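> Below are the chains, spelled out letter by letter.
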Amino acid sequence: MTDRFLPTALPPVEAAHLVDDFGPSLLDVAEHSLCPGCGEPVALRAILEAIEDVGAAQRTIGVIGIGCYTAFANSLDIEVLQALHGRAPSLATGAKRARPENLVITLQGDGDMVNEGLQEVLHTAARGERVTCFMLDNGVFGETGGHMTATTALGQRTKNTLDGRDAEQHGFPIRVSNLIAELDGAAYVARGAVNNAGNVARTKKMIRSALEIQEAGLGFSFVEILTMCPTGWFVDTPDAPDYLTSTLAPVHAPGVLKDVTL
Amino acid sequence: MTTVLTRGTVVIDVEACKGCDLCIDACPPRVLEMTVHEVNTRGYRYPRLVAGCTGCRACAQICPDFCFQVYKYEQPLEIPVLEDLS
Amino acid sequence: MSVALLEGSEAIADAMVAAGCRFFSGYPMTPFTEVLEHMATKLPEVGGTCMNAESELEAVGMAWGAAATGTPSATGSTGQGLSLMQESLSEATLARIPLVVLNMARAQGDYWQATRGPGHGDSRMPVLAPMDVPEAITLTQLAFELAYRWRNPVLLFGDYYLAHTASSVDVTRVEHAPLRADDWALTGATSGTGNARLVSPLGSGEYGAESSYADHLVQCAHATEAMLAGIEPLAETGFCDDADVVVVAFGTPAKYVRAAVTRLRAEGARIGYVRPITLLPFPSEILARAARGARTVAVYENSQGQMVDDVRLALEGAVPVQFIGRLSLDSSGFGIAPDLDGDYLRDRLLDVLNVDVLNVDVLNVEVLDD
Chain A
121 MTDRFLPTAL
131 PPVEAAHLVD
141 DFGPSLLDVA
151 EHSLCPGCGE
161 PVALRAILEA
171 IEDVGAAQRT
181 IGVIGIGCYT
191 AFANSLDIEV
201 LQALHGRAPS
211 LATGAKRARP
221 ENLVITLQGD
231 GDMVNEGLQE
241 VLHTAARGER
251 VTCFMLDNGV
261 FGETGGHMTA
271 TTALGQRTKN
281 TLDGRDAEQH
291 GFPIRVSNLI
301 AELDGAAYVA
311 RGAVNNAGNV
321 ARTKKMIRSA
331 LEIQEAGLGF
341 SFVEILTMCP
351 TGWFVDTPDA
361 PDYLTSTLAP
371 VHAPGVLKDV
381 TL
Chain B
8 MTTVLTRGTV
18 VIDVEACKGC
28 DLCIDACPPR
38 VLEMTVHEVN
48 TRGYRYPRLV
58 AGCTGCRACA
68 QICPDFCFQV
78 YKYEQPLEIP
88 VLEDLS
Chain C
4 MSVALLEGSE
14 AIADAMVAAG
24 CRFFSGYPMT
34 PFTEVLEHMA
44 TKLPEVGGTC
54 MNAESELEAV
64 GMAWGAAATG
74 TPSATGSTGQ
84 GLSLMQESLS
94 EATLARIPLV
104 VLNMARAQGD
114 YWQATRGPGH
124 GDSRMPVLAP
134 MDVPEAITLT
144 QLAFELAYRW
154 RNPVLLFGDY
164 YLAHTASSVD
174 VTRVEHAPLR
184 ADDWALTGAT
194 SGTGNARLVS
204 PLGSGEYGAE
214 SSYADHLVQC
224 AHATEAMLAG
234 IEPLAETGFC
244 DDADVVVVAF
254 GTPAKYVRAA
264 VTRLRAEGAR
274 IGYVRPITLL
284 PFPSEILARA
294 ARGARTVAVY
304 ENSQGQMVDD
314 VRLALEGAVP
324 VQFIGRLSLD
334 SSGFGIAPDL
344 DGDYLRDRLL
354 DVLNVDVLNV
364 DVLNVEVLDD
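Protein chains in written order, with this note's numbering: chain A, 121 to 382; chain B, 8 to 93; chain C, 4 to 373.
This is chain A alone, in the form it adopts within the complex (with noise of 0.2 Å):
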């Protein structure tokens, strides 16, 4: 039954006003050739808005590793500072002890972060580095197209842990938020999720108090991110938020894990 439905191709004529645009307006073109049911434009969505909510966007540098979410480097509205694979905190340092007046993040992967540049966020957290560093977190290297990484969980299956990741071949995976809450230099660090409107909300949260964090200049802040790569995981896009819950959520437990200014 067609009239069953609304018309959705214009605004409505009735009065009303509008609450959330198509993408966010730090981005200058929405489209993007990521996967169908990707979490990465979920999470970036959730920074570029806490962004503004900050009310940094006139100001912000935003260092991004190699990842699927590299495609935004080009289409952002936030100035970019393109990194390699793993060594965004480090080009973060250098911009930040430059500009100290900048508002200065990362982007990056498990695979960028944990796999390749594990030492690069360390050391960065350790020396209390005025910047924050998000992490999106989906336990795979998505552009390679279903790779084990560090932060894979075990029994996970991925394309070179066919019959799952095994600890016995594999080794454990890696909680980087739990390290980094660890070192004295690290003042905010949370886990979220993007794999429903809820933890979205919850993870816009966590974000926005990283920022405000960098901008009080009380240390290092950061925020992992769970998102859904179903193209990765092999599972159907509608499966994949539940995927997470099931699969990386119980390893990489979402929460805030430490903030000084509580």
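Please note: incorrect hints may appear among the correct ones.
Distance windows between CB atoms, simulated [as the list claims (entries may be wrong)]:
no., chain 1, residue 1, chain 2, residue 2, range
1, C, A217, B, V43, 37 to 43 Å
2, B, I86, A, P358, 22 to 28 Å
3, C, A217, A, V149, 16 to 22 Å
4, B, T48, A, G265, 22 to 28 Å
5, B, T48, A, D141, 20 to 26 Å
In short, the hints are calculated from the structure, not lab data. If you're wondering where the values come from, they're calculated on a predicted model, not measured in any experiment. All residues carry an ideal CB built from backbone N, CA and C; glycine is no exception.
Once you have looked at the hints, place chains B and C on chain A.
Just chains B and C, lined up with the frame of chain A:
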């Protein structure tokens, strides 16, 4: 014939949709339904809106492809609907 | 400034500050360590920042990040540490980052690393090789000018002697073009304007919104070509006009070779020298001109011979080229070369002259052999 209280609405950029379904489960009043046979130019199914939207923004916040624009009506509407036959 | 007795590492640090350097990051490694120490003291005095990076990977990353904001920045290490940095330096070149990089090398085995680097891909990094502390002061400042003019990393190739030799020098600021970055650097000012800047080794859309990664690489190749054509190759030559033997050496060893050649000249030998100062671009034309008429060109390096390849390429077979160097190290392996000795080098060059003993009337070697 009954009516459904509708506080908001959405504009859907059907052509941007990749048919992932995330909005369907994310929608608290469950007023989005995926097409079954209809597809957009790229061959993806896409969501359609039925009465009862609250303008809560959940769809826009979860959509990876930025397909939703969300409005809140200044005055909630009572949208008439057919009796649910499903 | 006034004349002071400074170790090379301190003079280089002063020269960097004089050139406008306000950010430095490094990781200790002999013989680079003292440069880091001096920058850690000197930069805060002028409002700059020196970072004790946790590794060379962080060091080059931090310098890249600071340089991207338009802050004149430098990093460095020895060849070993630079090996760790090569990935970043290669991509920083493609991101068109002006960055001064020091290699306080051990011996001269990093010539290929320096001139064939920075590493993967099709990038290049100009290389300046001072022979002593006074020259390091001017070349360090030239490095900043070149880095900014061409938006490219520039390498200053020093060594253990340069770092640790104290000379009476006056670190005077060399007037150079202002280090301008206002048309590309990241300051946050373009964020939220709808036209935010991007500094990326993958391309920044500056050739049009639809430009591809391939377009970017091709544009970078054009920029590299223009840079290498635009930088004046520098070399010092001496006694080459009627030289029968031309000796080529760079860096500290070249100073010793120059002394040995000068001595042999005084003794009547028709011998000259060429000292490349820019190793990239290599002063091929200067060398070819200097070697015209010579019957042999001898290349001295404290290595198994690397620059000798560039000498051969420069001469294109016009003059036979022989390698007369060898790896010479003290027990530490850090770069003190027993071979860098006036008598040893004179003897070595006499061997070369003797090879050409057929032309005794030109060489007059009998007298020299006494």
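> With 22 to 28 Å as the target window, see if B/I86 and A/P358 comply at their CB atoms.
Holds: the Cβ-Cβ distance is about 27 Å, inside 22 to 28 Å.
> Indicate whether the distance between the beta carbons of C/A217 and A/V149 respects the range 16 to 22 Å.
holds (20 Å)
> So does B/T48 sit 22 to 28 Å from A/G265, Cβ to Cβ?
holds (26 Å)
> C/A217 and B/V43, beta-carbon distance inside 37 to 43 Å?
The hinted range 37 to 43 Å holds for C/A217 and B/V43, with Cβ atoms some 42 Å apart.
> Taking 20 to 26 Å as the hint, is the beta-carbon distance of B/T48 and A/D141 inside that range?
Holds: the Cβ-Cβ distance is about 22 Å, inside 20 to 26 Å.
This entry satisfies every hint, going by the numbered hints stated previously.
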